[in-house]
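Turn these sequences into a full structure, and let the hints guide you.
Chains as they are written, first to last, in the working numbering: chain A, 899 to 1012; chain B, 19 to 132.
The set of hints was computed from the structure by calculation and includes no laboratory data.
Here the structure is a predicted model, which is why all the values come from computation and not from measurement.
Check before you lean on any hint, since a few could be wrong.
[Said to hold, decoys possible] For lysine to aspartate or glutamate, the following DMTMM-like pairs were computed, each having C-alpha atoms within a straight-line distance of at most 20 Å: (1) LYS999(A) - GLU955(A); (2) LYS88(B) - GLU62(B); (3) LYS953(A) - ASP119(B); (4) LYS999(A) - GLU36(B); (5) LYS901(A) - GLU62(B); (6) LYS999(A) - GLU924(A); (7) LYS968(A) - GLU983(A); (8) LYS999(A) - ASP119(B); (9) LYS21(B) - GLU42(B); (10) LYS27(B) - GLU942(A); (11) LYS999(A) - ASP74(B); (12) LYS100(B) - GLU42(B); (13) LYS25(B) - ASP103(B); (14) LYS968(A) - ASP927(A); (15) LYS25(B) - ASP920(A); (16) LYS901(A) - ASP74(B); (17) LYS59(B) - GLU942(A); (18) LYS954(A) - GLU913(A); (19) LYS954(A) - ASP920(A); (20) LYS27(B) - ASP102(B); (21) LYS954(A) - ASP102(B); (22) LYS968(A) - ASP102(B); (23) LYS970(A) - ASP927(A); (24) LYS59(B) - GLU924(A); (25) LYS21(B) - GLU942(A); (26) LYS71(B) - GLU42(B); (27) LYS58(B) - GLU942(A).
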Amino acid sequence: AQKVTQTQTSISVVEKTTVTMDCVYETRDSSYFLFWYKQTASGEIVFLIRQDSYKKENATVGHYSLNFQKPKSSIGLIITATQIEDSAVYFCAMSPSNTNKVVFGTGTRLQVLP
Amino acid sequence: DPKIIQKPKYLVAVTGSEKILICEQYLGHNAMYWYRQSAKKPLEFMFSYSYQKLMDNQTASSRFQPQSSKKNHLDLQITALKPDDSATYFCASSQVQGAQDTQYFGPGTRLLVL
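Right, here's the structure in full:
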């Protein structure tokens, strides 16, 4: 069975700094896809970035980037130059290649302070 | 304009009643999904549909029945409602079925069963 674990329940940072959120996953599949979503205060779930397991290069989109360490089954999310509006709950998720189901972690609440 | 519409936004129901949650997507996607988010559990996959066919069902209870009248519609009928069904139900869609395609989420329907 697949499992996604986010051990950080809450993080606070000062705006314009860099924050890293941790995520480890468990799967027996050799091919899989990893995602990060954020859930805003209004409850909206927004896709941020993805990493395909067969790609060695870390994905980057805007001020989001990933730290993919396949041997450690780890996919960290890095947000640079944080802004107040980045405050949200961030979910790590995984989908094995032989399924269409996405398994989510429990989320990390990020608070960006002025 | 919203690309995935869920109706209603909020829903209050009495125990034992039946409700239908509506989802329409205007992204031109061929696969649609339902997820549930409750206070006790992280986002949980419920169903996936591809070209209006049920592909995966991870919901143990037959009280939950998805209904697809059109390719871009996937409603969720819940019968014999219980207080434990109280949660936010999210509809999602992707271009094609399969882990390789990113899923995009609707705004959710928050259900409260009294």
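- Task: With a cut-off of 20 Å on the C-alpha distance, tell me whether LYS968(A) and ASP102(B) pass.
- Result: violated, 38 Å
- Query: Would the pair LYS25(B) and ASP103(B) pass a check requiring their Cα atoms to be no farther apart than 20 Å?
  - Reply: OK: LYS25(B) and ASP103(B) at ~17 Å, within 20 Å.
- Are the Cα atoms of LYS59(B) and GLU924(A) separated by 20 Å or less? holds, 18 Å
- Message: Hinted pair, alpha-carbon criterion (20 Å max): LYS71(B), GLU42(B). Please report holds or violated.
- Response: holds, 16 Å
- Agreement of LYS25(B) and ASP920(A) with the hint, judged by alpha carbon distance not exceeding 20 Å: violated, 34 Å
- Task: Take a quick look at whether LYS901(A) and ASP74(B) sit within 20 Å of each other, Cα to Cα.
- Result: OK: LYS901(A) and ASP74(B) at ~18 Å, within 20 Å.
- Is the Cα-Cα distance between LYS21(B) and GLU942(A) 20 Å or less? With a Cα-Cα distance of about 13 Å, the restraint between LYS21(B) and GLU942(A) holds, given a limit of 20 Å.
- Message: Checking one constraint from the list: CA of LYS27(B) to CA of ASP102(B), max 20 Å. Satisfied?
- Response: Between LYS27(B) and ASP102(B) the Cα gap is close to 19 Å, so the pair holds against 20 Å.
- Query: Does the structure keep LYS59(B) and GLU942(A) at a Cα separation of 20 Å or less?
  - Reply: holds, 17 Å
- Query: LYS954(A) and ASP102(B): Cα distance at most 20 Å?
  - Reply: Measuring from Cα to Cα gives roughly 43 Å; hence the hint is violated.
- Could you grab the alpha-carbon distance between LYS999(A) and GLU924(A) and see if it respects the 20 Å cut-off? Holds - the C-alpha atoms of GLU924(A) and LYS999(A) are around 15 Å apart, at most 20 Å.
- Query: Hey, LYS968(A) versus ASP927(A), does the alpha-carbon distance stay inside 20 Å?
  - Reply: The given pair, whose Cα atoms are some 12 Å apart, holds under the 20 Å limit.
Hint violations for this structure: numbers 1, 2, 4, 7, 12, 15, 18, 21, 22, all remaining hints satisfied.
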